[in-house]
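A.B. asks: With the first letter of the sequence shown counted as 1, position 274 gets the number 383 in my numbering; the numbers rise by one all the way through.
To be clear, the hints were calculated from the coordinates, so they are not data collected in a lab. Incorrect hints may have been included.
Claimed, not checked - Below, computed lysine-lysine pairings styled on DSS-like, alpha-carbon distance capped at 27 Å: (1) Lys278 <-> Lys186; (2) Lys254 <-> Lys205; (3) Lys254 <-> Lys314; (4) Lys272 <-> Lys206; (5) Lys371 <-> Lys317; (6) Lys292 <-> Lys254; (7) Lys371 <-> Lys320; (8) Lys278 <-> Lys254; (9) Lys371 <-> Lys191; (10) Lys324 <-> Lys392; (11) Lys317 <-> Lys329.
To be verified - Derived CB-CB ranges, DEER-like: (12) Ala293 <-> Asn203: 35 to 43 Å; (13) Lys292 <-> Pro168: 29 to 37 Å; (14) Lys317 <-> Glu155: 44 to 52 Å; (15) Gln204 <-> Gln411: 29 to 37 Å; (16) Asp310 <-> Arg335: 32 to 40 Å; (17) Asn203 <-> His268: 42 to 50 Å; (18) Pro198 <-> Pro221: 35 to 43 Å; (19) Glu357 <-> Ser189: 33 to 41 Å.
Predicted model, so just to flag it, every value in this text is computed and none were measured. In this text, a Cβ means the ideal position worked out from N, Cα and C, and glycines have one as well.
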Amino acid sequence: MAMVSMAFGVNTPTFPNHGRINRCGGMAFASLNNKASTSLGVRLTEGEGNLPKLVLSSPAGSEAEIYLFGGCITSWKVPSGKDLLFVRPDAVFNQKKPISGGVPHCFPQFGPGPIQQHGFARNMDWTVVDSENAEGNPVVTLELKDAPYSRAMWDFSFHALFKVTLNAKSLSTELTVKNTDNKAFSFSTALHAYFRASASDASVKGLKGCKTLNKDPDPKNPVEGREERDVVTFPGFVDCVYLDASSELQLDNGLGDLISIKNTNWSDAVLWNPYLQMEACYKDFVCVENAKIGSVQLEPEQTWTAVQHLSTV
């Protein structure tokens with residue numbers, strides 16, 4: 110029986126009961142049985158920069174791609190073949206900086222703060238700990254644990270799981286963070302989702318009444334306010350936090366797609382478009398991010414979980 114074999118770095122995962130890892134000369138060789146991977150709708154392959162990438166395929170024809178570096182979802186294609194996510198043209202796939210686009214993780218810090226911008230989760234290799242088939246649709250769970258790199262800037266032991274489920278018209282994620290340390294810690298986090306869009310025509314519903322922290326014109330001194338608009342647009346530079354946001358927003362990407370962005374326990378939302386700061390691509394995307402801006406406090410052995418459900422309307 111044919112096997113798919115690729116050599117990756119030492120953090121290369123295997124799928125329980127569906128693959129194997131053989132270590133030789135400091136390299137890990139991951140193999141996936143073609144039949145097993147096809148039945149699961151999950152394939153491990155090489156992506157840009159020879160980085161390991163998961164490809165999820167549903168029976169209906171939808172597809173998603175996830176890079177293990179950063180645990181970053183870089184593509185979500187609906188059955189028509191249209192990709193609803195966006196990766197910036199200046200994105201690099203060399204592990205020297207985060208992947209710019211898709212759905213990067215911000216953890217354990219959103220934005221600037223005591224450690225590096227948006228934390229370290231988007232700069233580390235995640236591993237696959239589980240894969241399954243739910244009613245014919247692929248489900249994978251990635252894992253991230255503390256390592257010397259993270260401990261150097263955030264000296265805590267933690268265990269994060271990121272479960273991704275692909276359906277015909279939806280892409281769902283569940284992020285769980287557990288404190289595995291013997292002392293309490295706090296964190297903030299977000300899913301920095303980039304959506305393919307015509308920025309000048311895009312709009313978001315569901316934010317009216319939210320308290321806002323507007324970072325335009327001074328990112329270091331956000332202006333507090335309240336959103337009065339039923340429909341929020343992107344007329345220029347936009348960088349605004351919406352506190353206690355609705356559990357469902359609706360994005361009109363200006364390209365003919367309506368995307369429902371539902372969540373559980375992501376209490377806040379962020380809209381961002383860099384406008385002329387990224388002249389090469391700002392017209393082609395908007396960011397609508399589920400976030401937890403306020404600190405989550407976890408005692409030892411406690412967990413925090415948040416769910417995001419993206420679907421076409």
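A.B. asks: Hint by hint, which ones does the structure fall short of?
C.D. replies: 3, 8, 13, 16, 17, 18, 19
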